[in-house]
Amino acid sequence: MLAIITQLTESLQHPDQVYHIVDAAFYTAENLATLGTHTFWIGRVLATLNEVKVLVAAVLPLQPCTDDHYQYAEHASKYASIPQKWVVYPFGADAGAAREDVRETAGE
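Its first residue numbered 237, the sequence shown is counted upward by one per residue in the working numbering.
Incorrect hints may have been included.
Unchecked claim - Cβ pair distances, simulated, as ranges: (1) Ala269 x Gln299: 27 to 33 Å; (2) Val292 x Ala316: 17 to 23 Å; (3) Thr284 x Pro251: 37 to 43 Å; (4) Gly272 x Asp252: 17 to 23 Å; (5) Leu298 x Thr270: 30 to 36 Å; (6) Ala293 x Asp252: 19 to 25 Å.
If you're looking for bench data, these hints aren't it; they were derived computationally from the structure.
Quick caveat: nothing in here was measured; it's all calculated off a predicted structure.
Glycine residues also receive a C-beta, built at the ideal position from the N, C-alpha and C atoms.
Make a model of the complete structure from these sequences and hints.
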């Protein structure tokens, strides 16, 4: 995956920012250091990281999405000297409550 992203970044001439979609295995210090701060990617962070465990246990200030039934929180992080923006979506009981609201709104 790293080789593909590196080749695309070197050869792709695009006026806008290009985002690469990666899986959780991509999230290593070596990969991030190789790509630096000018390559953009979207992926899932491993739940085994201590920082993720702290976020999951925290009460986060949630912002509404365009669809009022969903909310999110942003979290700034840094790994391998690369600043990142994480987006946290509630799941489990909170997400279930949102789904119930959707059903009620839809008249089910």
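Okay, the hints, checked on the actual structure:
1. Ala269 x Gln299: 27 to 33 Å: The hinted range 27 to 33 Å holds for Ala269 and Gln299, with Cβ atoms some 31 Å apart.
2. Val292 x Ala316: 17 to 23 Å: 22 Å, holds
3. Thr284 x Pro251: 37 to 43 Å: Since the Cβ atoms of Thr284 and Pro251 sit about 38 Å apart, the hinted range of 37 to 43 Å holds.
4. Gly272 x Asp252: 17 to 23 Å: 18 Å, holds
5. Leu298 x Thr270: 30 to 36 Å: Once the Cβ atoms are compared, 34 Å apart, the range 30 to 36 Å for Thr270 and Leu298 holds.
6. Ala293 x Asp252: 19 to 25 Å: 37 Å, violated
Of the hints listed earlier, the one the structure fails to meet is number 6.
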